[in-house]
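Engineer: Sequence:
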Amino acid sequence: MATTTFLSNATVNLTVGATTYDLSDQCTGCTITSGYDALEATAFGDTGHKFTKGLQSVEVSLTLFNSYGANEVEAALYDAVNVGTCNLVISPSGTTESSTNPEYTITGAMLASFTPINSTVGELSVSEATFQGGTWARDIT
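For the sequence shown, counting from 1, position 14 maps to 56 in the working numbering; every step adds exactly one.
Among these hints, one or two may not hold up.
[As the list claims (entries may be wrong)] Below, a list of computed lysine to aspartate or glutamate pairs in the DMTMM-like style, where the Cα atoms sit at most 25 Å apart:
#1 Lys95 - Asp79
#2 Lys92 - Asp79
#3 Lys92 - Glu82
#4 Lys95 - Glu82
#5 Lys95 - Glu145
No lab work stands behind these hints, which were simulated from the structure alone.
Could you build all of it, start to finish, from the sequences and the hints given here?
Structural biologist: So this is what it looks like as structure tokens:
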């Protein structure tokens, strides 16, 4: 049984080249999937599959309100697609990392595409951005 509850208030910072964009105030959803590739290490005589850890794998999915202008969502995603690699720093709640607020740094991620215009009458414009690849590190100090 859970002993604590958590109200998410993630911080999301995207760095492209020398420019860092704080997307926290425009982000409504953030998912990090991190782990390692599973490499099969099954040998003759084994009675079941065996696996070993391979390269790191990471995927970050963001749901963002579209906003336009300098240092806004559209500019940040445009830069990330055109430069090819970027870095993300994401914490569940605030920028002070601790055991209850681990900070994940994803270095060398790629955003393959984004939707700069997504308009429907009477609805807020939202974009989904999925970053793939790179390496990840967890910091609690």
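Engineer: Which of the listed hints are broken here?
Structural biologist: none
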